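Using the sequences and the hints given, assemble the complete structure.
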Amino acid sequence: MRFYEYESRAIVAKAGIPVTKHGFAKTALEAREIAEEIAGPVVIKSQVLTGGRMKAGGVQFAETPDEAARHAENVLELEIGGHMPRGVLVDSRAAVKHEYYAGVVWDGIRKQPVMLFSDMGGIDIEEVAEEHPDHVARGHFSTLRPFSDWQAKQVIASLGITGSALNRLTPILARLARLFLEYDMTLAEINPLSELEDGAFVALDAHMDMENEARSRQQALLRELGVGDEETRQAREATPFELAGEEVDAQDHRGVAGNVTEFDGNLGLVIGAGGGSLTLFDAVRAHGGHPANYCEIGGTPSVRKACGLAKLVLSKPGVERIAVMMSIVSNTRVDIVARGVIKACIELGFDPAEKIAIFRIPGAWEEEGFKILEKYGIDYADRSVSLDGAAKRAVEKIQGSAG
Amino acid sequence: MSILVDENTTFIVQGITGREAVNLTRECLDYGKGAKIVGGVTPGRRGRDVHGVPVFDTVAQAVEHHGGPIDGSVVTVPPAFTKDAVFEALENGIKLVVIVTERIPRGDVAQMVELARERDARIIGPNCLGIIVPDVIKMGGIGGPARDAAKSYSPGPVGVISRSGGMTTEMSSTLTAAGLGQSTAVSIGGDAIIGSSYAELMPLFEADPETEALVIYTEPGGRMEAELARWVSDNHSRLPIVAFMAGRFMDEMPGMSFGHAGTIVEGKEDTATEKIARLAEAGIVVAEEISQIPSIVAEKIAERAGSIT
Numbered sequence: 001m002r003f004y005e006y007e008s009r010a011i012v013a014k015a016g017i018p019v020t021k022h023g024f025a026k027t028a029l030e031a032r033e034i035a036e037e038i039a040g041p042v043v044i045k046s047q048v049l050t051g052g053r054m055k056a057g058g059v060q061f062a063e064t065p066d067e068a069a070r071h072a073e074n075v076l077e078l079e080i081g082g083h084m085p086r087g088v089l090v091d092s093r094a095a096v097k098h099e100y101y102a103g104v105v106w107d108g109i110r111k112q113p114v115m116l117f118s119d120m121g122g123i124d125i126e127e128v129a130e131e132h133p134d135h136v137a138r139g140h141f142s143t144l145r146p147f148s149d150w151q152a153k154q155v156i157a158s159l160g161i162t163g164s165a166l167n168r169l170t171p172i173l174a175r176l177a178r179l180f181l182e183y184d185m186t187l188a189e190i191n192p193l194s195e196l197e198d199g200a201f202v203a204l205d206a207h208m209d210m211e212n213e214a215r216s217r218q219q220a221l222l223r224e225l226g227v228g229d230e231e232t233r234q235a236r237e238a239t240p241f242e243l244a245g246e247e248v249d250a251q252d253h254r255g256v257a258g259n260v261t262e263f264d265g266n267l268g269l270v271i272g273a274g275g276g277s278l279t280l281f282d283a284v285r286a287h288g289g290h291p292a293n294y295c296e297i298g299g300t301p302s303v304r305k306a307c308g309l310a311k312l313v314l315s316k317p318g319v320e321r322i323a324v325m326m327s328i329v330s331n332t333r334v335d336i337v338a339r340g341v342i343k344a345c346i347e348l349g350f351d352p353a354e355k356i357a358i359f360r361i362p363g364a365w366e367e368e369g370f371k372i373l374e375k376y377g378i379d380y381a382d383r384s385v386s387l388d389g390a391a392k393r394a395v396e397k398i399q400g401s402a403g
Numbered sequence: 001m002s003i004l005v006d007e008n009t010t011f012i013v014q015g016i017t018g019r020e021a022v023n024l025t026r027e028c029l030d031y032g033k034g035a036k037i038v039g040g041v042t043p044g045r046r047g048r049d050v051h052g053v054p055v056f057d058t059v060a061q062a063v064e065h066h067g068g069p070i071d072g073s074v075v076t077v078p079p080a081f082t083k084d085a086v087f088e089a090l091e092n093g094i095k096l097v098v099i100v101t102e103r104i105p106r107g108d109v110a111q112m113v114e115l116a117r118e119r120d121a122r123i124i125g126p127n128c129l130g131i132i133v134p135d136v137i138k139m140g141g142i143g144g145p146a147r148d149a150a151k152s153y154s155p156g157p158v159g160v161i162s163r164s165g166g167m168t169t170e171m172s173s174t175l176t177a178a179g180l181g182q183s184t185a186v187s188i189g190g191d192a193i194i195g196s197s198y199a200e201l202m203p204l205f206e207a208d209p210e211t212e213a214l215v216i217y218t219e220p221g222g223r224m225e226a227e228l229a230r231w232v233s234d235n236h237s238r239l240p241i242v243a244f245m246a247g248r249f250m251d252e253m254p255g256m257s258f259g260h261a262g263t264i265v266e267g268k269e270d271t272a273t274e275k276i277a278r279l280a281e282a283g284i285v286v287a288e289e290i291s292q293i294p295s296i297v298a299e300k301i302a303e304r305a306g307s308i309t
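Chains as they are written, first to last, in our numbering: chain A, 1 to 403; chain B, 1 to 309.
Calculated directly from the structure, the hints in this document are not laboratory data.
Just so it is clear, the structure is predicted and the values come from calculations on it, not from any experiment.
The beta carbon of each residue, even a glycine, is placed where N, CA and C say it ideally should be.
Please note that a few of the clues may not be correct.
Said to hold, decoys possible - Below are the DSS-like pairs computed for lysine-lysine, each with C-alpha atoms no more than 27 Å apart in a straight line: (1) 268(B) / 55(A); (2) 371(A) / 268(B); (3) 151(B) / 375(A).
What the hints assert, rightly or not - Residues from chain B shown here face chain A by an in silico Cβ test under 8 Å; the list is partial: (4) 47; (5) 81; (6) 106; (7) 141; (8) 163; (9) 193; (10) 231; (11) 234.
Stated by the list, open to error - Chain A residues, not near chain B, derived (Cβ > 12 Å throughout): (12) 105; (13) 164; (14) 353; (15) 375.
Dropping the structure here:
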């Protein structure tokens with residue numbers, strides 16, 4: 001989950017990394033008050049979970065509190081990349097002498113966190129790494145042993161940085177590395193990390209991503225920042241249809257029948273498991289089909305849960321038929337999913353044989369499942385029909401019915 | 001032959017009294033030549049048994065009861081307790097840990113992997129279904145109940161490595177239907193950091209005389225495929241590899257994760273398109289559909305046999 005800049009700044013400040021005097025405002029009035037307190041030139045920055053703020057006009061400079069309020073009013077109304085801002089950050093305008101970059105990410109190959117440091121800050125680190133690789137230093141570090149400052153020092157010094165700059169930058173990178181592990185981040189980045197004319201080093205912008213799996217054990221931090229459990233912070237906000245999918249999945253703790261993502265096609269998908277869903281979604285599209293949704297069934301869901309998911313998909317406006325497909329199951333039971341989707345059709349007043357374009361789930365309890373499907377006259381396939389073949393059959397049927 | 005496990009492999013199940021672990025234990029005991037499950041561990045449940053397998057409070061008790069080192073452990077405890085369970089296994093001399101649990105934060109996984117390296121042990125998973133050597137042994141839930149696993153898996157020359165547990169079975173079943181059995185199939189897990197990647201299993205398959213080709217299932221996210229491509233090029237692998245890439249649609253949806261936690265695309269090298277290009281450069285065939293895989297594998301095996309004779 002991604003944090004807003006104002007939250008990321010609070011996280012680095014909490015870790016003891018210096019930041020400029022700033023505040024978060026939800027109204028122009030609040031922005032004016034913060035600007036008055038700063039008592040100098042300020043920057044107004046839109047708080048959105050997307051890049052390209054500068055280009056979109058989401059960053060404005062103001063000399064006076066009045067000007068700050070005016071800019072804040074405009075920026076608060078400005079949509080950036082489909083996102084409305086949550087507020088604005090009002091920041092002191094600092095006289096910058098030099099910009100550095102400090103970041104920590106996971107290296108999935110080495111299976112360790114890696115510090116990244118550059119003396120070319122303020123721009124995208126991937127760009128620097130490509131065009132000026134000699135200006136990017138890296139250092140992996142252990143997750144078992146306590147982080148020691150020399151590890152940060154060694155990375156920074158490898159770029160030729162010495163003197164007081166080295167001694168001031170070292171604790172900042174070290175604190176960033178420690179907070180990365182302590183708060184289960186997947187990305188902790190300060191860019192730019194600025195050296196000011198007065199010799200101070202401050203985090204002028206910060207970007208933090210926390211691992212979703214760690215949210216439960218990071219409750220203290222999330223509460224402190226005011227992040228609610230309902231905030232998914234995905235790349236795009238959840239739609240009502242997707243939220244309804246989460247409700248279905250939360251009915252009970254047995255198995256998975258959810259992870260719904262909305263698309264705008266006419267073929268509803270009741271699919272699983274993780275890898276099977278990815279394969280099937282690709283296959284439907286490869287055959288010219290238009291999925292109405294993505295979803296996942298996995299583990300051992302109840303009939304009620306499978307039924308709830310199928311009902312949700314069947315009720316989605318524009319859905320003509322559904323395809324019920326999974327890779328060969330070993331603990332999900334074929335008969336239970338069959339019962340669930342048939343029940344959903346009947347309860348919504350549909351003929352299952354008409355509404356279910358194809359049922360392709362082979363595996364555990366398949367004999368029992370196939371018997372039920374036969375009874376209702378549903379077109380089903382066993383493992384002799386590939387995932388791709390099943391997807392093709394579903395697409396052909398729906399195109400046939402449309403034409 | 002096989003990799004990682006064989007009919008003599010002994011293992012324990014940590015979290016054995018959980019509902020799914022009880023089923024998993026039954027499945028492994030029933031499959032092939034019958035797994036040698038020498039104990040189970042659930043704190044506070046010492047003295048019970050699960051399908052005849054004695055339950056202990058600690059791994060140390062299980063080792064003592066067995067009277068010698070135990071080869072492996074299947075860990076099926078809740079995410080908040082997994083790191084501790086894996087550390088316990090590693091510190092008690094266990095060299096192969098299969099982690100079934102999903103939703104473990106990366107920081108914990110990195111610690112387990114680091115300790116495993118120090119103890120000269122190997123981790124498979126997390127978020128995986130384990131390892132199967134057809135008709136011999138299965139360690140983990142892979143393939144499901146013995147009767148179902150027997151339908152999908154058959155012995156033969158193809159090694160299988162997959163980031164998806166279900167797709168390990170789907171691909172093996174497709175191979176089996178075409179008369180191509182498997183030497184060993186490994187579900188390596190769907191997370192961003194896992195104990196054993198494709199490249200890390202390659203030397204084992206390379207050294208296994210029975211394996212003549214490899215089939216891998218891949219997804220967007222991470223650099224594991226690039227790592228494999230590099231390994232294959234650097235080591236002049238004798239094994240032809242056929243890959244299947246799922247989740248191509250995700251390239252249009254940056255920042256979203258589907259299917260498994262590890263599919264989150266965090267850099268440009270992580271996309272399906274980039275990975276397909278990397279694999280192809282290394283001579284790895286990327287099949288468009290799973291149903292094409294058996295004929296490509298058969299052709300590659302025949303080609304290799306032809307070039308040797």
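Each hint tested on the structure:
no.	hint	verdict
1	268(B) / 55(A)	22 Å, holds
2	371(A) / 268(B)	47 Å, violated
3	151(B) / 375(A)	25 Å, holds
4	47	28 Å, violated
5	81	12 Å, violated
6	106	6 Å, holds
7	141	6 Å, holds
8	163	7 Å, holds
9	193	5 Å, holds
10	231	11 Å, violated
11	234	14 Å, violated
12	105	7 Å, violated
13	164	33 Å, holds
14	353	26 Å, holds
15	375	23 Å, holds
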